[in-house]
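Visitor: Spelled out from the first residue to the last, the chains are:
Protein chains: 2
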Amino acid sequence: MQKYRSTLDRFDMKLLQLVQVSNRTPQHVLAEEVGLSAPAIARRLQKLREQGVIQKDMAIIDAAAVGRPLTIIVQVTVEDESFALLDEIKERFRRCEQILHCHYVTGGTDFVLIVNVRDMEEYTQFTRTQFFELGNVKSFQTYVSMECIKANEGIPLDLE
Amino acid sequence: MQKYRSTLDRFDMKLLQLVQVSNRTPQHVLAEEVGLSAPAIARRLQKLREQGVIQKDMAIIDAAAVGRPLTIIVQVTVEDESFALLDEIKERFRRCEQILHCHYVTGGTDFVLIVNVRDMEEYTQFTRTQFFELGNVKSFQTYVSMECIKANEGIPLDLE
DNA sequence: CAATCAAATGCAAGATTCTTGCATCGAGAC
DNA sequence: GTCTCGATGCAAGAATCTTGCATTTGATTG
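Protein chains in written order, with this note's numbering: chain A, 1 to 160; chain B, 1 to 160.
Think of the hints as simulated: they come from the structure by calculation, not from any bench.
Hints are supplied without guarantee of correctness; some may be wrong.
Since copy identity is lost for identical chains, a pair holds within one copy or between any two.
Stated by the list, open to error - Subject to a maximum C-alpha distance of 30 Å in a straight line, what follows is the list of computed DSSO-like cross-link-like pairs (lysine-lysine):
no., residue 1, residue 2
1, Lys14, Lys138
2, Lys138, Lys56
3, Lys47, Lys138
4, Lys14, Lys90
5, Lys56, Lys14
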């Protein structure tokens, strides 16, 4: 196991800024923009991936193009906030493929979900399963997205 | 300009399923899993990108690792829903780098935002600018994420 | 301030991956 | 049946990525 530089320098930050916009840019192009050689870029990227700074490399797919055009934001309030039951519902949400994002939050409700479905029928079925049948949901509020203003933006990285 | 197969067949679906998990998998590996040759995979990927089915290819970065650990979900209600002012505020949100996701929604509020900030001070400043100074915001409600259960999951693609 | 050591760098060669030309295949039109 | 057009696989060529090695850089120590 190799030992790592623990802090990210300005080269790393610039690199992250570039790859979170497009991770298929050739290394020699990144190299030129960052101001290092291509092998240096390769080694830094490898470390950033090993360290988990880069968590994954994914293609972003147009949900409508694959027949799943509906995005729905849901606020969920649970009935029982005991650790065991909270862990249970977190695990349930984690496993549910239709939930694309899920946060456990403060502020009058317990969870916020971003859900992707084919149509309202699938959403109805989703709520039935996740909120009624599987239990521990006191109430939920549904917000249907009429328009996606933006999605999957990268973290803003000011070159510190 | 080339003419395209307009529908996605099961090869495309399988391919999308794979690249939305990891878009750096070598084409010969994808080829084997999908059941086509490597050049066929390459040509399909190119078309999917040109068609916009694959919208972008990005590295997902650990927000905490780059010093921006706070995720905040905000519900925004506007004062004036006239087209012009609505377009204005959409454009404002689109341009704001701290807003990672933004949906215009039905259901008792107008927008849902997912915001990334370094700390509460930055969030306070964000609300001041976006919600008070720039106008047309009647009210907003803040939900601070205590725990990210999941994020940036791919669209569920059942091989139809 | 020089000496030392570990980590990072650039270069160049080698390995892998991607792209392209071409002949062939297959489904639909006529 | 035959024609046409798009898609395919193979193989060669092009581009990209990785690795070994000598050198440089930077922090630490004496």
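Visitor: Each hint should be assessed against the structure and marked as holding or not.
Guide: How the hints compare with the structure:
1. In the homo-oligomer, the alpha carbons of Lys14 and Lys138 never lie at most 30 Å apart, since the shortest distance is 45 Å inside one protomer and 38 Å across protomers.
2. In this assembly of identical chains, the alpha carbons of Lys138 and Lys56 never lie at most 30 Å apart, being 34 Å within a copy and 38 Å across copies at closest.
3. Taking identical chains as interchangeable, the C-alpha atoms of Lys47 and Lys138 are never at most 30 Å apart, the minima being 44 Å within one chain and 46 Å between chains.
4. In this homomeric assembly, Lys14 and Lys90 come within 30 Å of each other (Cα to Cα) only across copies, at 28 Å, whereas the closest approach inside a single copy is 35 Å.
5. Taking the shortest alpha-carbon separations for Lys56 and Lys14, both the intra-copy value of 18 Å and the inter-copy value of 19 Å come in at or below 30 Å.
Consistency note: the structure conflicts with the earlier hints numbered 1, 2 and 3.
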